[in-house]
Amino acid sequence: MNLQSLAYILVGTFLMVGCFGMALVGLPARSGQVVPVSVRENPASFRPSYLLWTGWHAPASSDGGGFGFGK
Amino acid sequence: MLSSSCPSCGAPLWFRHAAAVAAVCENCRSTVVRGDADVLQVTGKASAFPRDLSPIVLGAHGTFGGRSFVVVGVVRKARERVRWNEWYCLFEDGGEGWLGEGNGQLQVYDAFVPVKGAPEKLRAGDTVKIAGKPWQVLECDEAVVAAADGELPYPATDGAPAPYADLRRGDGVTVATLDHDFDPPRLYTGKLVTLKELRLEPIRPISGWSDPDLKAAMTGPDLQGTRSLACPNCTAPLTLRALDAASIVCGHCGSVVALQDADPAGIIGKLPREQVQWKPPLPLGARAKLRDVGSADVIEWEIIGAMERAVRAGGERFAWTEHFLFNPYHGFRWLALDHGTRQWNLIERLPDLPTRPSLRFARHGGHSYKAFQQGVAQVERVLGEFTWEVRAGDTAQTVDFVDPPFMLSVETENNEQSASLGRWVDPDEIDEAFPDHEVRAPIGTAPNQPNPFDQTATQAVFAGATVMFALATMLLFVVQLGVCANEPLLSWQGPFGTGARSSDAFTVADTLRTSLQVSVTSSLSPEKAMVHVTLLNRTDGRAYHVDAGRTGGSDTLGRVTPGEYVAVVEGAVSPIFGQGVTGTVAVRVVRDPVRYGPILFAFLITALGPVWWFGGRQVFESRRWANSDF
Numbered sequence: 001m002n003l004q005s006l007a008y009i010l011v012g013t014f015l016m017v018g019c020f021g022m023a024l025v026g027l028p029a030r031s032g033q034v035v036p037v038s039v040r041e042n043p044a045s046f047r048p049s050y051l052l053w054t055g056w057h058a059p060a061s062s063d064g065g066g067f068g069f070g071k
Numbered sequence: 072m073l074s075s076s077c078p079s080c081g082a083p084l085w086f087r088h089a090a091a092v093a094a095v096c097e098n099c100r101s102t103v104v105r106g107d108a109d110v111l112q113v114t115g116k117a118s119a120f121p122r123d124l125s126p127i128v129l130g131a132h133g134t135f136g137g138r139s140f141v142v143v144g145v146v147r148k149a150r151e152r153v154r155w156n157e158w159y160c161l162f163e164d165g166g167e168g169w170l171g172e173g174n175g176q177l178q179v180y181d182a183f184v185p186v187k188g189a190p191e192k193l194r195a196g197d198t199v200k201i202a203g204k205p206w207q208v209l210e211c212d213e214a215v216v217a218a219a220d221g222e223l224p225y226p227a228t229d230g231a232p233a234p235y236a237d238l239r240r241g242d243g244v245t246v247a248t249l250d251h252d253f254d255p256p257r258l259y260t261g262k263l264v265t266l267k268e269l270r271l272e273p274i275r276p277i278s279g280w281s282d283p284d285l286k287a288a289m290t291g292p293d294l295q296g297t298r299s300l301a302c303p304n305c306t307a308p309l310t311l312r313a314l315d316a317a318s319i320v321c322g323h324c325g326s327v328v329a330l331q332d333a334d335p336a337g338i339i340g341k342l343p344r345e346q347v348q349w350k351p352p353l354p355l356g357a358r359a360k361l362r363d364v365g366s367a368d369v370i371e372w373e374i375i376g377a378m379e380r381a382v383r384a385g386g387e388r389f390a391w392t393e394h395f396l397f398n399p400y401h402g403f404r405w406l407a408l409d410h411g412t413r414q415w416n417l418i419e420r421l422p423d424l425p426t427r428p429s430l431r432f433a434r435h436g437g438h439s440y441k442a443f444q445q446g447v448a449q450v451e452r453v454l455g456e457f458t459w460e461v462r463a464g465d466t467a468q469t470v471d472f473v474d475p476p477f478m479l480s481v482e483t484e485n486n487e488q489s490a491s492l493g494r495w496v497d498p499d500e501i502d503e504a505f506p507d508h509e510v511r512a513p514i515g516t517a518p519n520q521p522n523p524f525d526q527t528a529t530q531a532v533f534a535g536a537t538v539m540f541a542l543a544t545m546l547l548f549v550v551q552l553g554v555c556a557n558e559p560l561l562s563w564q565g566p567f568g569t570g571a572r573s574s575d576a577f578t579v580a581d582t583l584r585t586s587l588q589v590s591v592t593s594s595l596s597p598e599k600a601m602v603h604v605t606l607l608n609r610t611d612g613r614a615y616h617v618d619a620g621r622t623g624g625s626d627t628l629g630r631v632t633p634g635e636y637v638a639v640v641e642g643a644v645s646p647i648f649g650q651g652v653t654g655t656v657a658v659r660v661v662r663d664p665v666r667y668g669p670i671l672f673a674f675l676i677t678a679l680g681p682v683w684w685f686g687g688r689q690v691f692e693s694r695r696w697a698n699s700d701f
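Just so you know, the protein sequences line up as chains X and S, in that order.
Per our numbering, the first sequence starts with residue 1, numbered consecutively.
Per our numbering, the second sequence starts with residue 72, numbered consecutively.
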């Protein structure tokens, strides 16, 4: 028997178990970012683009805090 | 039965069989012919048949094609230094035939037809039609009677010319001979056989040899398996292992000694000193059991000779050693070692020639072979004994065809063609067969080495694993359908705008399966606008960015925290092309969806099996054919 056939069984079984694991257990949890209470209460004040590009920053002077460029 | 006395010496003489026309007197060696009215007449003398050269004896009974026969006479014929025996057989149903014995092969000719106007001269290699059927001409020559014994269908006397033509069908089995000893000539037809198939009894045992299939039939005094000779040049002792050998090389002085009926018959050549000192990879006299070329029979062979041959091409020398093997009950074989790849072949001489439908193909015995290599092979070194007069420097044009694990070789030497069939021998088989000798591991691919991916076990494993993985893929799909909640949580649609909008709230329950599939669709052009979506958990404040492309797509979020969620949708437009962009954006959220990614991946694993098998097979074939001349 060719060793490569055994390799196919071993590698294939290993990957197939991974497929079952991924399907049944699911993807790893995403942590996300925690936003302040003000945003929770007024979601429309949230800027998803900021979350994508930069992230949350604390309020500074007049902008009231939030997500912004150049953190 | 006719009982009488020899007209020459008066010794008792019998004609036991009505079909016998002549008998050889055991006392005075006269050949006596029975004429009309049983009048006996001496036609000449015949030398005594050398009874120590063959295990077959007069009076032996055998079976062929369901018909019993008895061996009643024998004629030994000779041509140049080639000798063979023709045993005259009478069948119980009144038929007659011949059992040919020579060069390690047996043929039974059990039927004949008289052929009026049969051609006397045929050319070897031609195909001719005789008695309505096509035949290959293997050999056409004139032999002479060298000895005779017993009862015969014609008077055989020493030196009597015996023109003949050996014919073959080309199927590896069917044989014929055109015998001009009769008027009109007879076309005898028959088949290649083995002693085992003939069930001959009795046969002579040969000292030093045994065969489990023939043991029961062995009676009488042992034939000497070997014979001690003295070199006619230097008087060094020579051991003759095959009594049918035509030449033997003295390992002491390098003289090539011609043999005739196992006796020295002169010196026909001399090897240079450096060749005398040559030691083949396996020594002469070594014995080993090997599976035969065309059958599963495991036969014990003894190495009785060896020669090194080489082909030169493109400034390179490709050499191999051929060990000449012998078994007195099974004939001769070759065990060849290729020096370049260290691969082994067990080779059997074929009784006929293959057909050549084209230059690149040959057919024989129902198999088709592809041309692989060709060249002019030269004998460079030689040692031991052979059934022909071998000389260093002999050349032959060779063409090899392959159909793994077999290699069909056609050699042309002095306008005579011969063919042989080789079987690739696994190095482990050689290791096992010659445990006392170092067998070096192969370093290359043999032309007729079986592709490991074509082995039944390998194919079974690849096929079995592929089926198993296919079933697992289906199971994965079914299990997901059963286990996944696939619960729609949100289906929201709103107008596109550059500000942020939040959707209706939805709840992700506190369960183990909280992955979310978020699908975003819009009617927007990616060049003009962009949509950002975030799922916001209002309960714990976690925001999850959805990576769904510029204006639409899908993203699956791994397990998210439970709580009350909203989708926040924000639009952005290109400062150049985005003026006045309008449209709608829709967001759909499904909890614990059926995941097609793992199913697709499992399908790829399944498909990998056939791809791997095919690719591996092709790589091996590429390596094999990289060395081909065709």
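Wrong hints could be hidden among the right ones.
[As the list claims (entries may be wrong)] Computed spacing ranges between beta-carbons, pair by pair: (1) X:ALA44 to S:GLU558: 20 to 30 Å; (2) X:ALA44 to S:VAL538: 49 to 59 Å; (3) S:TYR667 to X:SER45: 20 to 30 Å; (4) S:GLY553 to X:VAL37: 17 to 27 Å.
[Unchecked claim] Coverage of chain X stretches by chain S, computed from C-beta distances (three or more under 8 Å per stretch; other residues unrestricted): (5) 2-8; (6) 29-40.
Bear in mind the hints are in silico, worked out from the structure with no lab data behind them.
Note that this is a predicted model, so its numbers are computed, not measured.
In this text, a Cβ means the ideal position worked out from N, Cα and C, and glycines have one as well.
Item to complete: Against the structure, test the hints numbered earlier, and report the numbers of the ones violated in rising order.
Response: Per hint list: 3, 4 violated.
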